[in-house]
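Trainee: Knowing the structure of chain V, use the given hints to seat chain Y on it.
Protein chains: 2
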Amino acid sequence: MTVHYPNGKKFVPTKTPNDSKPNRKIDFGNRGKTLEDELNETNEFYLSRNLAVIHKKPVPIQVVKVDYPSRSSAVIREAYYRTASTTDYNGVWMGRYIDFEAKETKNKTSFPLQNIHSHQMEHMENIVANQGIAFLLVRFSTLNRYFLLPYQVLKSCWEDMNKGARKSISLNIFEDKGFELIPKAFPRIDYLEALEKMVHQIQS
Amino acid sequence: MTVHYPNGKKFVPTKTPNDSKPNRKIDFGNRGKTLEDELNETNEFYLSRNLAVIHKKPVPIQVVKVDYPSRSSAVIREAYYRTASTTDYNGVWMGRYIDFEAKETKNKTSFPLQNIHSHQMEHMENIVANQGIAFLLVRFSTLNRYFLLPYQVLKSCWEDMNKGARKSISLNIFEDKGFELIPKAFPRIDYLEALEKMVHQIQS
Numbered sequence: 061m062t063v064h065y066p067n068g069k070k071f072v073p074t075k076t077p078n079d080s081k082p083n084r085k086i087d088f089g090n091r092g093k094t095l096e097d098e099l100n101e102t103n104e105f106y107l108s109r110n111l112a113v114i115h116k117k118p119v120p121i122q123v124v125k126v127d128y129p130s131r132s133s134a135v136i137r138e139a140y141y142r143t144a145s146t147t148d149y150n151g152v153w154m155g156r157y158i159d160f161e162a163k164e165t166k167n168k169t170s171f172p173l174q175n176i177h178s179h180q181m182e183h184m185e186n187i188v189a190n191q192g193i194a195f196l197l198v199r200f201s202t203l204n205r206y207f208l209l210p211y212q213v214l215k216s217c218w219e220d221m222n223k224g225a226r227k228s229i230s231l232n233i234f235e236d237k238g239f240e241l242i243p244k245a246f247p248r249i250d251y252l253e254a255l256e257k258m259v260h261q262i263q264s
Numbered sequence: 061m062t063v064h065y066p067n068g069k070k071f072v073p074t075k076t077p078n079d080s081k082p083n084r085k086i087d088f089g090n091r092g093k094t095l096e097d098e099l100n101e102t103n104e105f106y107l108s109r110n111l112a113v114i115h116k117k118p119v120p121i122q123v124v125k126v127d128y129p130s131r132s133s134a135v136i137r138e139a140y141y142r143t144a145s146t147t148d149y150n151g152v153w154m155g156r157y158i159d160f161e162a163k164e165t166k167n168k169t170s171f172p173l174q175n176i177h178s179h180q181m182e183h184m185e186n187i188v189a190n191q192g193i194a195f196l197l198v199r200f201s202t203l204n205r206y207f208l209l210p211y212q213v214l215k216s217c218w219e220d221m222n223k224g225a226r227k228s229i230s231l232n233i234f235e236d237k238g239f240e241l242i243p244k245a246f247p248r249i250d251y252l253e254a255l256e257k258m259v260h261q262i263q264s
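Protein sequence lines correspond, in order, to chains V and Y. The numbers in the numbering used here rise by one with no breaks, and the one at position 158 of the first sequence is 218. The numbers in the numbering used here rise by one with no breaks, and the one at position 175 of the second sequence is 235.
Isolated chain V (complex conformation) (with noise of 0.2 Å):
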């Protein structure tokens, strides 16, 4: 998708001269990209090579208001953000549905559970139980670390913590039980990569 900016103009990537991060030894940095950012731009990537057809999804709003200044033309003057009901993101990637919630943390050791909401857990239970593949990419920003987490691991990390045990999932279960997705040139986050390792360890 090509981005027009207001002006009209096409969206051209500006490129930052030096990533100035303080103790940085990698050469494909973010620049100060959301993972957002980065995710849509490996999207655009698989879309644009056929490799996957993955959105993110719209933020969903109740539009209480709307104006029409002109007969071609609608402004919506009263709005409300509602809580996504789903994941933020879905698609197909070899025939398979692909679903899942993507999160970053500045925290170091690890991701905090809050972040997850309960009906998101629901709605990757029941793409699980309908036999689509779901996960939990996490960035761990100050890190430069990203990982993919099965839904099963995150389901059974769920259930520990609402029997009393930690609120967070520590980095060495991303570690041990994850799948590490390691950022290069172009995609800078191929996560693809990763999936394929994972859905292979759960189908074997």
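Just to be clear, a hint being listed does not mean it is correct.
Identical copies carry no separate label here, and so any pair may be met within one copy or between two of them.
To be verified - Pairs of lysine-lysine, DSS-like flavour, derived with a Cα cap of 27 Å:
hint : residue 1 : residue 2
1    : Lys117    : Lys93
2    : Lys125    : Lys227
3    : Lys93     : Lys125
4    : Lys163    : Lys125
5    : Lys93     : Lys244
6    : Lys117    : Lys215
7    : Lys163    : Lys117
Simulated from the structure, these hints should not be mistaken for lab results.
Mentor: For chain Y alone, coordinates are given in the frame of chain V:
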């Protein structure tokens, strides 16, 4: 696929006596419901029975201005509708990725192709290229008839239109190459039944 009703009985489709198309005297009127309402009910039914997880995507809205009258609430004060770049519905059915656009028309003899946008055609093309299942679900409201039309058939009509042929798909084509969905008691619009036939035919 067998549908089980809350009473535990196996679902047996009602045999409507004689199909009298023109003035069909059908028992299960749609009682003024929109196609969207009907599909929501169907999708909730499928979800509750673990038959499929299909959701309508939120309408994409570009938010420009947000007020925060209090700490916990946000009111959107200026926003605009954006054109959807994909179809309205997607999800998972028996592990497979399903994607469709649902439209209703009051026309009695054809479905106007202006109801479909070129970016939606592109999206469905991408879905099929990635082995997903894409189709069009049409309600002929005046006739009270519903059809699933495989993307491949839609595509050929679309290409004909671009070559100067008619700008609509005639009812005959739906009857010949589509899969009719007979409204029933509950869920009224059981499109998985028609989908199963469609997938079976495409695969064989």
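Trainee: Each of the hints needs a verdict: does it hold here or not?
Mentor: Checked hints:
In this homomeric assembly, Lys117 and Lys93 come within 27 Å of each other (Cα to Cα) both inside a single copy, at 19 Å, and across copies, at 26 Å. Taking identical chains as interchangeable, the C-alpha atoms of Lys125 and Lys227 are never at most 27 Å apart, the minima being 40 Å within one chain and 35 Å between chains. In this homomeric assembly, Lys93 and Lys125 come within 27 Å of each other (Cα to Cα) only across copies, at 22 Å, whereas the closest approach inside a single copy is 34 Å. With identical chains, the CA atoms of Lys163 and Lys125 are at most 27 Å apart between copies only, with a shortest distance of 25 Å across copies and 32 Å within one.
Within a single copy, Lys93 and Lys244 get their C-alpha atoms as close as 15 Å, which meets the 27 Å cut-off; across copies the closest is 51 Å, which misses it. For the homomeric pair Lys117 and Lys215, the shortest alpha-carbon distances inside one copy (23 Å) and between copies (25 Å) are both at most 27 Å. In this assembly of identical chains, Lys163 and Lys117 lie within 27 Å of each other by CA distance both inside one copy and across copies; the values are 15 Å within and 20 Å between.
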